[in-house]
Structures are given as C-alpha cells and as structure tokens.
Amino acid sequence: MREKILYGMGIVAGLWLLRNLYVILLGLPDEALQGAIYRILFFHLPSWFTCFTAYFLAGGASILYLWKKDLKYDTFAVSAVEVGTVFTMVGLVTGMIWARIIWGIWWTWDPRLTWALITYIVYASYLMLRRAVDDPTTRARHSAVLCIFAFASVMITYKAIDWWRTQHPGAVLSFRTGGGTMDPRMESIIYQNWAALMLLTAVLVAIRMRQETMSREIEGMRRFAHAI
Amino acid sequence: MRYLRQTLTIAGKDLRSEIRTKESLNAAVSFAVVILVLFSFAVDPSADQIKEMSGGLLWLVFAFAGALVLNRSFARELGNDCLDALVASPVPSSALFLGKALANFVLLLIVELVALPVFGVLYNMSWARQPLLLAPVLLLATWGMTVIGTIFSALTVNLRLRELMLPMLIYPMMIPVLMAAMRLTTLLVNGEAIPADDQIWFRLLVGFDVIFTSLAVTLVDVVLVG
Numbered sequence: 001m002r003e004k005i006l007y008g009m010g011i012v013a014g015l016w017l018l019r020n021l022y023v024i025l026l027g028l029p030d031e032a033l034q035g036a037i038y039r040i041l042f043f044h045l046p047s048w049f050t051c052f053t054a055y056f057l058a059g060g061a062s063i064l065y066l067w068k069k070d071l072k073y074d075t076f077a078v079s080a081v082e083v084g085t086v087f088t089m090v091g092l093v094t095g096m097i098w099a100r101i102i103w104g105i106w107w108t109w110d111p112r113l114t115w116a117l118i119t120y121i122v123y124a125s126y127l128m129l130r131r132a133v134d135d136p137t138t139r140a141r142h143s144a145v146l147c148i149f150a151f152a153s154v155m156i157t158y159k160a161i162d163w164w165r166t167q168h169p170g171a172v173l174s175f176r177t178g179g180g181t182m183d184p185r186m187e188s189i190i191y192q193n194w195a196a197l198m199l200l201t202a203v204l205v206a207i208r209m210r211q212e213t214m215s216r217e218i219e220g221m222r223r224f225a226h227a228i
Numbered sequence: 229m230r231y232l233r234q235t236l237t238i239a240g241k242d243l244r245s246e247i248r249t250k251e252s253l254n255a256a257v258s259f260a261v262v263i264l265v266l267f268s269f270a271v272d273p274s275a276d277q278i279k280e281m282s283g284g285l286l287w288l289v290f291a292f293a294g295a296l297v298l299n300r301s302f303a304r305e306l307g308n309d310c311l312d313a314l315v316a317s318p319v320p321s322s323a324l325f326l327g328k329a330l331a332n333f334v335l336l337l338i339v340e341l342v343a344l345p346v347f348g349v350l351y352n353m354s355w356a357r358q359p360l361l362l363a364p365v366l367l368l369a370t371w372g373m374t375v376i377g378t379i380f381s382a383l384t385v386n387l388r389l390r391e392l393m394l395p396m397l398i399y400p401m402m403i404p405v406l407m408a409a410m411r412l413t414t415l416l417v418n419g420e421a422i423p424a425d426d427q428i429w430f431r432l433l434v435g436f437d438v439i440f441t442s443l444a445v446t447l448v449d450v451v452l453v454g
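Top to bottom, those sequences are chains A and B. Under my numbering, the first residue of the first sequence is numbered 1, with each subsequent residue one higher. Under my numbering, the first residue of the second sequence is numbered 229, with each subsequent residue one higher.
With the rest of the complex left out, here is chain A (with noise of 0.2 Å):
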C-alpha cells in the first residue's frame, strides 16, 4: 500500500511538471528583456526553496533528535539533507546556465553565489562526516549539532540579497517585494514547480528514509551475528 502511494505521489508529481513545462513553454510569453532564457527561473528558483526546506526541515529533525534520541529523525534529517544536496546542485547549475547567457560568465564571487556554494560545501560535509563515524548513536548526535550549525549558512543565502549588494537579481516574488514585479501568471507557476518538487522531495525522502532504516537494520543483524 505504503508503495502504492510513494508511487501515485510521483506520478502527479512528474505529471504535474510536465504540465508546468508546457505551459512554460507554450502558454507564457518571452520575458521583454531577457528573451527565452529566463525561463530557467521557472526551475531555478523552486530547486532552491525545495532545498532550503529540506534542509530546515532536517535541522528541525535533528533539533527532536538530540531532544527525544530516536533514531527515526536522524534518518529523517540525512534523507532529506541528501535530496536538499541533489536540488542545491540543481539550484547552482541552473543559475550558472543563466549567468552564462546573460552576464556571459559562468560563475562570479558574488556574496549570493558564494554563500550558495558555501552551503552546498557544508552540507556535503556533513553526508561526509556521517561516513567517518560508525557507531549510529554518535553519529546520529554529531551530524544532528553540525546540522544545526549549518542551517546558519542557509539562512544568510537567503537574505545575501537583502544585506549585500549583489550582482545577483534581488528579489521577484510578491511576499518578499510587495507585488507589482511578476506577472501573476508567471508567479503562479513558480508556486506550483516549487509545490511540484516539494512532492517529489517527499517521495525521494521516504524512498531514502526505508533504504537508511534497512541498512541500519542490517547493520544490526550483523553485529548480532557477529557478538554470538
């Protein structure tokens, strides 16, 4: 049953972008100053809501950890750190297509751009200190306070914005901006990409939750076996 489901919610999901493209592509008209590749904005800025979720949502996860040490948010927190990751990267490849057509560079050291790869650099060590640590209670208590840690880095990428003065475009959405910069059209279809990622988080996540809650299992009979 439980499958059944994890694969309906991927199929709407992957249904529903296909959806979105199509009106991506079809439905709306090419932006007056950029031309057809801000369409990329469409991909770009709901990977990165998606991942900055996923990652508040693991350092949540890791904050019930530390306070009810069950072992079932730790696993919640690195699924979801290791699906944030994959959309990180996507937010950081998409942007640099884009900065390829418009600025015709691939990557420059704004304070955006650089806290964006600082938080892809943290959490990535993060899924490496989990490796360096083979007993699941301490590395569930270590990679739970780094967690916590890096959830620092997530914030300020979201408002480098506000507090430098970046190369990268400030803010387009109405709840940040107070309406008036995007067509409504055009905003509505980044809630529904966003909202179209975040469900395919959701099936990755509980995908990536039964693999690490199998591997611990197995790791448990080993050790069984091994103690008789």
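Note that these hints are calculated values from the structure, not bench results. Small disclaimer: the values here were computed from a predicted structure and weren't measured. The beta carbon of each residue, even a glycine, is placed where N, CA and C say it ideally should be. Take these hints with a grain of salt, some might be off.
Here are a few chain B residues that sit away from chain A, every Cβ distance over 10 Å (derived from the structure) [claimed, not checked]:
id, residue
1, Lys241
2, Glu251
3, Phe259
4, Val265
5, Ala270
6, Lys279
7, Leu311
Selected chain A positions facing chain B (in silico; Cβ < 8 Å) [said to hold, decoys possible]:
id, residue
8, Ile121
9, Val145
10, Ile148
One-sided and incomplete, this derived list gives chain A residues near chain B with beta-carbon spacing under 8 Å [stated by the list, open to error]:
id, residue
11, Ile118
12, Ser125
13, Val133
14, Phe149
Following the hints, position chain B against chain A.
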C-alpha cells in the same frame, strides 16, 4: 563564581600543558611563518598588490595555523582516556568547552602576534598604524574562529580522519568571520579609515560571536556526553 573558577581551571590546565610541551604552538608558529614565506612567491611582495591582499593573506595564515592548534585541543585528551575523566569530573561540559576555547583563544592570539610582525618585516608593511581598531578585529574574529574550531574539535576527536575532517568542517563555517576580518584588516593595516559601508563587518563579527558561542555552549553537552 564556581563555574568561572572551573572554566579558568580548565583553561589554565590546557595552557600550562601547552606552554610546557609547546607541541602545537611550535608547529603553528613555524607553519604560519612558512606560509608567509611561501606567499612571497605567489605574489610580488614589493608591489601594491600585497597591500590589497594583506588582510586576506594574514587571515588565511591565521586560519591554517589555527587549525593545528584547534586539532590538538581535544586530541590531547585522548591519551590515557583523559577525555573520559574530564567528562566524568564535576566540571559541566559547557565550562569544559569554555575553558578549552579560552586556552585556544590565547594560543591563537600568540600565533597571530608572532605572525603579524613577521608579516610586517617580510612585506615591508607598518601593520600597527591603527592598533586601537585592529585589536577588536583580532579579538572578535579570533574568538569566532576559536568557538567554531573548539566545538568541531570536540565533534571530530574520535573520528578516524580527524586531521582531515576538522578543516573540512570548520573552514566553511568560519567564512563569515574570515570575510569580515579580511576586509577590515586590509583597511586597517593600510592605515585607511573604515568607510560607513564597511561598518557592517563589525556588526557581523559581534553577531557571529554571540550566535555561535551560545549555540556551541548549548550543544557541547550533547557532543561530549550524549
């Protein structure tokens, strides 16, 4: 009062054993000097170029040399199971952390105060033109580095790849402090006034120190005891 005394006892113990053996202090100071010398090959040491990158150069040296000190901070306690004894002692984990952080802070400052004149001599810079502004930058940024370094030193102490994992974890976390310190130090070492635009870096340093010190003090119990 008792808490303060415990903190100072730990700091005193760490400093005393470090001053007697000088194992990480010697390594860190000579490493800092080696990097300073190496940098003279990377850039033309006489040109104006060096003025623009003086802050960056100095803080990279401090961060690299600092990692050596920070690495030893908890690793020193591994022999004879001293760490277990410390955790089992009536000293609370946060006092243990603050004591160790304080000792590391002093050691890092020593490294910096040795490296600064060496830098001044090798690169022909009169670095102490604004000592009253440079001192708070050094103190605030070093404390920020120390807090991050000490808590992650506790976190990585039992890892197989400790020497590798500590820099991997601390450098990305330290970036806000290093960014602020580099910018301010470049200005101050060159004897320039700090423009209104760059005052924000002071606030960033203070904010970073407050946030991460409180986070570290809250979480250190979890790291050491579980």
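Hints versus structure:
no. : hint   : in the structure
1   : Lys241 : holds, 25 Å
2   : Glu251 : holds, 24 Å
3   : Phe259 : holds, 23 Å
4   : Val265 : holds, 27 Å
5   : Ala270 : holds, 18 Å
6   : Lys279 : holds, 20 Å
7   : Leu311 : holds, 13 Å
8   : Ile121 : holds, 5 Å
9   : Val145 : holds, 5 Å
10  : Ile148 : holds, 7 Å
11  : Ile118 : holds, 5 Å
12  : Ser125 : holds, 5 Å
13  : Val133 : holds, 6 Å
14  : Phe149 : holds, 6 Å
Consistency note: the structure conflicts with none of the earlier hints.
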